[in-house]
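Please model the entire structure based on the sequences and the hints provided.
Now for the letters of each chain:
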Amino acid sequence: AQSVAQPEDQVNVAEGNPLTVKCTYSVSGNPYLFWYVQYPNRGLQFLLKYITGDNLVKGSYGFEAEFNKSQTSFHLKKPSALVSDSALYFCAVRDVNSGTYKYIFGTGTRLKVLA
Amino acid sequence: SAVISQKPSRDICQRGTSLTIQCQVDSQVTMMFWYRQQPGQSLTLIATANQGSEATYESGFVIDKFPISRPNLTFSTLTVSNMSPEDSSIYLCSAGQGGATNEKLFFGSGTQLSVL
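Protein chains in written order, with our numbering: chain A, 1234 to 1348; chain B, 268 to 383.
Bear in mind the hints are in silico, worked out from the structure with no lab data behind them. Be aware that a few hints might be false.
Lysine-lysine pairs mimicking BS3-like chemistry, simulated, CA-CA at most 27 Å apart [what the hints assert, rightly or not]:
| # | chain 1 | residue 1 | chain 2 | residue 2 |
| --- | --- | --- | --- | --- |
| 1 | A | Lys1345 | B | Lys332 |
| 2 | A | Lys1291 | A | Lys1345 |
| 3 | A | Lys1255 | A | Lys1335 |
| 4 | B | Lys371 | A | Lys1302 |
| 5 | A | Lys1291 | B | Lys371 |
| 6 | A | Lys1335 | B | Lys332 |
According to the in silico footprint, chain A covers these stretches of chain B (three or more CB under 8 Å from chain A) [to be verified]:
| # | region |
| --- | --- |
| 7 | 304–313 |
| 8 | 373–382 |
Predicted model, so just to flag it, every value in this text is computed and none were measured. No residue lacks a Cβ here, since even glycine has one placed at the ideal position from N, Cα and C.
Written out as structure tokens, the structure is:
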């Protein structure tokens, strides 16, 4: 069975500091991994994904994520946080070998960037 | 990319009634899904909407309670039937394409449902 864990309900970081939002996953096959962001009163927006290739993937708004197969992790990072990055972030996984397009989402991490 | 229009954006309904939520995508997509989200919490997949055939429901969700239609590649509806207060939630329509290069999901802005 597929699962995603986001161990932190909330992450606080000062503006200008680097940020990390953690995600670990479990699939029986090969994973496709995604990060989505949800701003207040808006739908989820795609940030970035890992499919194959380079373990470091870059996405929208200066975010990047590193795929670590041995640790089954896909942490979201940004070198310098902005107040406007404050939002709810979701990690998601799809097991490519499952034969289905079923995406499992984590419980979300609320990022709060303090001015 | 795809833009998803979902309506209504919110509704307040009486117990025992039904509500149909509509989802329109501005381009043809392979996949359409319906999720439920409690405010500030994770997304729970209700079902995959299959074009021209019965939806594929996840464990805990049944067709009699959540009938879904998808008559073509760009439109789907979700009905929440015989509502109770426990159905109060945000319902999200999602759509996307398969294939590694283009794979990603797009989401509607959601329908916030309150059942009295």
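- Query: Looking at the structure, which of the earlier hints fail to hold?
  - Reply: The structure conflicts with hint 1 only, although it agrees with all the remaining ones.
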